[in-house]
Amino acid sequence: MAKEKPGKLEVTSFADHHVITQPNPLRKVLLRVPESDLDDPVGRAEKALAGLSGEFKNWMAIEADRLSAAHAAILRSGFTDDAREELFRAAHDIKGDAATFGFPSAGAAAESLCRIIEHAPDLDQVPSDLIRHHINAIQAIVRERTKLDTAATAGVLSRSLRGITDEFLTHANRDRPEHLEAILAPSIIPVE
Amino acid sequence: MYRIDFNKLRFLICDDNPHMRRILRTLLHSFGAREAYESEDGATALEMYTHYVPDIVITDWAMPIFDGLELAQMIRQPDSKGNPYAPIIMLTGHSDKRRVTVARDAGVTEFLAKPISAKGLYQRILNVVANPRPFIKTKTYFGPDRRRNTNNAYIGPERRIGGEMEVMQQPSLLDKARSSV
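Those protein sequence lines, which keep their order, are chains P and V. The first sequence maps to residues 1 to 192 in the numbering used here. The second sequence maps to residues 1001 to 1181 in the numbering used here.
To be clear, the hints were calculated from the coordinates, so they are not data collected in a lab. Any given hint could turn out to be false.
[Said to hold, decoys possible] Okay, derived cross-link-like pairs now, SDA-like style, lysine to any residue, Cα gap no bigger than 25 Å in a straight line:
#1 V:1139 with P:15
#2 V:1097 with P:88
#3 P:8 with V:1083
#4 V:1137 with P:18
#5 V:1097 with V:1073
#6 V:1097 with P:86
#7 P:47 with V:1008
#8 V:1008 with V:1097
#9 V:1137 with P:16
#10 V:1119 with P:15
#11 V:1137 with P:11
#12 V:1119 with P:55
#13 V:1081 with V:1119
#14 P:47 with V:1126
#15 P:47 with V:1004
#16 V:1139 with V:1066
#17 P:28 with V:1145
#18 P:8 with V:1138
#19 P:47 with V:1124
#20 P:28 with V:1123
#21 V:1137 with V:1127
#22 V:1081 with V:1048
#23 V:1097 with P:187
[Unchecked claim] For each label pair, taking beta carbons as the anchor points, the in silico distance ranges come out as:
#24 P:12 with V:1157: 17 to 23 Å
#25 V:1022 with P:132: 29 to 35 Å
#26 V:1134 with P:159: 40 to 46 Å
#27 P:156 with V:1081: 52 to 58 Å
#28 V:1066 with P:185: 25 to 31 Å
#29 V:1158 with P:153: 50 to 56 Å
#30 P:177 with V:1149: 27 to 33 Å
#31 P:152 with V:1052: 43 to 49 Å
#32 V:1145 with P:159: 37 to 43 Å
#33 V:1022 with P:32: 50 to 56 Å
#34 V:1097 with P:167: 19 to 25 Å
Please read all numbers here as calculations on a predicted model, not as lab measurements. Where is the CB? At the ideal position from N, CA and C, for every residue including glycine.
Okay, chain P solo, but in the shape it has when bound (with noise of 0.2 Å):
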């Protein structure tokens, strides 16, 4: 749309790679504007996502419903490929989900779930009460978010799962460095 005409290409040679360089494409979608130009997109964007809000609490809910049949699923047939995967989406979305739902709590959980299908050697080998306990946290802070004491409650619940996981994790990946690695490597979001 914004490049009628693709840019011609500038190809510099070297003896194991090329520069590929073109004019770029999206330059006339640039506006200048004057320091006083009043406009502000990301003001606007972040007014909309708050009109939104109101069914944010709808959403996280039907979120953390599909997680819970993903569980259920696996309580039946155990963990098979299409179990796992789905058990995992399921909470890798409440993962990046939560916290834009005004859920961080139950992003921090759903995180530590991601991290135990991830890592362990042998889901078949983890304790089923770990896993459930995950899933009712997260029903849990989901369902309760109304009641005034919920935040702190849901914090310290998704932090002791976390502490409860890593070290699990910890010891079942000792003879697996590079999960051992990943495992306590850092993540690239700022802890608040």
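Please arrange chain V on chain P, whose structure you already have, making use of the hints.
Positioned in the frame of chain P, the structure of chain V alone reads:
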């Protein structure tokens, strides 16, 4: 000061989660974008990419069957009939450094870890619009230059070879230690 004229940009959003697609659509429309096409898996996104020729792709990583990483790899085919140069912003719940490296090596232009924010998304879009990087083609890589800046403190061999840049002369750690005494 520069601003982006969003209504001239065409976006392709790829995320299997309908709530995240709704959030992305809301943010892009609020920025001023009018054209944002959506797909819920990588295979459909690839078809839409060829059909709609978007200016910018925003994709999730974890999706069923054909994920965002594979989508990036399919777009970054130097001999494909489509446009292999479009900026790809990977928006993902993955938040470890190793994943950033893997995404970078698949040809992803910008990495944005969830939770999403209006500011974070705007900055990534501004970056790909205002500061496009040259593309590098090697036997094993085709995508935006993975070196975003020059590191004068780099110690080690130059991994890219060719011409007068075949070996980058760097003082050894020992020489550096001696000169600092």
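How the hints compare with the structure:
Using a Cα cut-off of 25 Å, the hinted pair residue 1139 (chain V) and residue 15 (chain P) holds, with the two alpha carbons roughly 11 Å apart. Proposed proximity of residue 1097 (chain V) and residue 88 (chain P) is supported: the alpha carbons are some 19 Å apart, at most 25 Å. In summary, the hint linking residue 8 (chain P) to residue 1083 (chain V) is supported, as the alpha carbons are separated by about 13 Å, within the 25 Å threshold. A C-alpha spacing of about 5 Å is found between residue 1137 (chain V) and residue 18 (chain P), which places the hinted pair at or below 25 Å, so the restraint holds.
For the proposed pair residue 1097 (chain V) and residue 1073 (chain V), the alpha carbon gap of about 19 Å is at most 25 Å, so the pair holds. Annotation: proposed proximity of residue 1097 (chain V) to residue 86 (chain P) holds, straight-line Cα distance about 24 Å (limit 25 Å). The suggested pairing of residue 47 (chain P) with residue 1008 (chain V) holds, with an alpha-carbon distance near 22 Å, which does not exceed 25 Å. Proposed proximity of residue 1008 (chain V) and residue 1097 (chain V) is contradicted: the alpha carbons are some 34 Å apart, above 25 Å.
Simply put, residue 1137 (chain V) and residue 16 (chain P) have alpha-carbon atoms about 9 Å apart, close enough for the 25 Å limit, and the pair holds. About 41 Å separates the Cα atoms of residue 1119 (chain V) and residue 15 (chain P), which puts this hinted pair outside 25 Å; it is violated. As the CA atoms of residue 1137 (chain V) and residue 11 (chain P) are separated by approximately 10 Å, the hinted pair is consistent with the 25 Å bound. Taking the CA atoms of residue 1119 (chain V) and residue 55 (chain P), the gap is about 21 Å. The hint holds against a cut of 25 Å.
Using a Cα cut-off of 25 Å, the hinted pair residue 1081 (chain V) and residue 1119 (chain V) is violated, with the two alpha carbons roughly 34 Å apart. For the proposed pair residue 47 (chain P) and residue 1126 (chain V), the alpha carbon gap of about 20 Å is at most 25 Å, so the pair holds. Our distance criterion of 25 Å between C-alpha atoms is met by residue 47 (chain P) and residue 1004 (chain V), whose separation comes to about 19 Å. For the hint pairing residue 1139 (chain V) with residue 1066 (chain V), the CA-to-CA distance comes to about 24 Å; that is within 25 Å, so the pair holds.
Between the alpha carbons of residue 28 (chain P) and residue 1145 (chain V) the distance comes to roughly 22 Å, so the proposed pair stays at or under 25 Å and holds. The hinted pair formed by residue 8 (chain P) and residue 1138 (chain V) meets the criterion: a straight-line CA distance of about 20 Å does not exceed 25 Å. At most 25 Å may separate the alpha-carbon atoms for a hinted pair to count; residue 47 (chain P) and residue 1124 (chain V) meet this at roughly 19 Å. Under the criterion of a C-alpha separation no larger than 25 Å, the hint pairing residue 28 (chain P) with residue 1123 (chain V) is consistent with the structure, at around 18 Å.
Between residue 1137 (chain V) and residue 1127 (chain V) the alpha-carbon distance is near 21 Å, which keeps this suggested pair within the 25 Å criterion. Straight-line distance between C-alpha atoms of residue 1081 (chain V) and residue 1048 (chain V) comes to about 14 Å, which keeps the hinted pair within the 25 Å bound. For a cut-off of 25 Å, the pair hint linking residue 1097 (chain V) to residue 187 (chain P) stands: about 7 Å separates their Cα positions. Range check, residue 12 (chain P) to residue 1157 (chain V): Cβ separation about 21 Å, and the 17 to 23 Å hint holds.
For the pair residue 1022 (chain V) and residue 132 (chain P), the beta carbons lie near 31 Å from each other, so the given range of 29 to 35 Å is met. For the pair residue 1134 (chain V) and residue 159 (chain P), the beta carbons lie near 45 Å from each other, so the given range of 40 to 46 Å is met. A C-beta distance of roughly 56 Å is found between residue 156 (chain P) and residue 1081 (chain V), which places it inside the suggested range of 52 to 58 Å. Judged by the Cβ atoms, the range 25 to 31 Å given for residue 1066 (chain V) and residue 185 (chain P) holds: they are separated by roughly 28 Å.
Between residue 1158 (chain V) and residue 153 (chain P) the Cβ separation comes to about 55 Å, which falls inside the hinted range of 50 to 56 Å. A beta carbon spacing of about 31 Å between residue 177 (chain P) and residue 1149 (chain V) agrees with the range 27 to 33 Å that was offered as a hint. Hint check: residue 152 (chain P) to residue 1052 (chain V), Cβ distance near 47 Å, so the stated range 43 to 49 Å holds. The supplied range of 37 to 43 Å is met by residue 1145 (chain V) and residue 159 (chain P), whose beta-carbon atoms lie about 40 Å from each other.
Judged by the Cβ atoms, the range 50 to 56 Å given for residue 1022 (chain V) and residue 32 (chain P) is violated: they are separated by roughly 33 Å. Checked against the hint of 19 to 25 Å, the pair residue 1097 (chain V) and residue 167 (chain P) passes, with Cβ atoms roughly 22 Å apart.
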